[in-house]
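**Q** All chains, full assembly: derive it from the sequences and hints.
Counting from 1, one number per residue, gives the positions in the sequence shown under this note's numbering.
In short, the hints are calculated from the structure, not lab data. Take every hint as true, because none was put in to throw you off.
Pairwise CB distance ranges (calculated):
| id | residue 1 | residue 2 | range |
| --- | --- | --- | --- |
| 1 | Arg172 | Gly508 | 44 to 52 angstroms |
| 2 | Glu5 | Glu350 | 52 to 60 angstroms |
| 3 | Gln479 | Arg19 | 47 to 55 angstroms |
| 4 | Gly508 | Gly107 | 49 to 57 angstroms |
| 5 | Asp321 | Leu79 | 38 to 46 angstroms |
| 6 | Pro235 | Cys456 | 35 to 43 angstroms |
| 7 | Val165 | Leu79 | 23 to 31 angstroms |
| 8 | Lys476 | Arg19 | 48 to 56 angstroms |
Keeping only pairs whose Cα atoms sit at most 30 angstroms apart, straight-line, the calculated DSBU-like set for lysine-lysine is:
| id | residue 1 | residue 2 |
| --- | --- | --- |
| 9 | Lys230 | Lys159 |
| 10 | Lys417 | Lys261 |
| 11 | Lys187 | Lys476 |
| 12 | Lys316 | Lys441 |
| 13 | Lys316 | Lys380 |
| 14 | Lys230 | Lys476 |
| 15 | Lys441 | Lys261 |
| 16 | Lys180 | Lys230 |
| 17 | Lys441 | Lys417 |
| 18 | Lys380 | Lys441 |
| 19 | Lys187 | Lys230 |
| 20 | Lys261 | Lys476 |
Yeah, the Cβ is synthetic: ideal placement off N, Cα and C, and Gly gets one too.
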Amino acid sequence: MLNSEITISIATDQHGSDRETVTCIPGQTVLEVLQAANITLNATCGGRGTCGKCRVLIEDSDGLNYRLACRTLATSGMLIIANEPKEMLIQETGNGLSHEVDEGGEGYAVAIDVGTTTVVCRLFDLTSGAVRGVASSVNPQVVFGADVMSRIDASIAGKLTDMQVLLLDTLRDLIVDLCKAAGISLKDVVRIGLAANTVMEHIAAGLPPDSIGVAPFTPLSLFNDEHHFKELPVPVWFAPAIYGYVGGDITAGILATAMDKAARPQLLVDLGTNGEIALGDSSGILCAATAAGPVFEGAGIHFGMPALPGAVATVKLSGDDLELSVIGNEAPLGICGSGLIDIVALLRNEGVLDAGGRMVDRTELSEFWAARSGEENGVKVIYLTLDHSLYITQIDVRQLQLAKGAICAGINTLLEKLGISTADIETLQIAGGFGRALDLKSAAVIGLFPAELLDCAVSAGNTAIEGISAAMLSSKAKQRLGQLTELCTYIELSADARFNELFIEALGFS
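**A** This is how it looks when you write it as structure tokens:
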């Protein structure tokens, strides 16, 4: 060991008993040490010290205290207790669509959806088309930030290879676990397909996404090709992207929803980091990204988290109490996107929020809500639990307003560009990582989409995994997915004056 190195201990269990000794260089932050040790830690702001999500328990000469990993320097003899995010609980990964299967197929295929926050893998029997297993994980790149811009910044800072290796190692681990559970060998896997947003596909392929971060947001590749990785048993086929912020996750979603074969206009909205929207039918499809941000995946929300065990997925008013539905039936640790939408809709319906999104004064509230109203660090909050351990803040509401305003404005902009109205839409499909926990009525209340579309809206689950699954099971479906970009027209909204007007109009609550 060089004299300039120091030794610290890392534990990933809450008791600090399962320890690993590592060396690091003086001046490194605890977050950097954990990244080097391949330990996933939520750092949604990319280590800028603004989100407060990378809190870890540290024991050193000052005692045992919680600190922010990105703002704490590693010191000799330090013990870091960092609980890694729990494995994601898969509820429903899509519509459970029946997929066409190639005749005479042998072996197994894996379909992969790489989200900015989570990764999902499905194992298929190519003979029958049967699903043999589903595995998922937090995207380990969250240590570099929650959104695609944080990942682009990390790439520019020289972390591209680190991010790629983290992802590929995770994918291999998930596939190995699936094979073991199915009683097959890794060598039995003969096809792998991957769908993701354009930035995630670049990082997975080892291509710098840097150019996507600046106008005109041009990607180096639109994929629809195979990539070879030493970590995986066969080449991986990447679903085609449409442009910088409309990627293979949306083309896979278009395939899954059969929008490209529809006789009447269909609308697909993906509640991911980019807030991607597709509108059209068999004659043509308009696509856009709304830069909604990772709010729906829990980032930027005080108690926000992805749809993992411990996340509040739904919130209902039950008599004289709030009924919280928690993923995994565990004690509530935070709030995922569907839960956030539920609570804000409830607060609006109950008059706790005014039309502008302001939390009204306690004196104007009913006894029920007055008892749950308070302040934390000078910010108005509504407590969701009697012990005040979980709450939603005024800032959280504002963050959701920005995200839902962007989505709704994007929908209205595309409707205008296509020259149609909401009455012309046959189906609105809402896709998202929180599956079918999304209450569509709550989504309509907050203005996530025009209220007139509620009657034709459906919660579609994970359409990206459905689409890439279809492509792995059927050569015809794969060919169809590969050709979808010819039907799609990309619309850039960031400099669109009409979008900006509609965005301002969509910020409030009706």
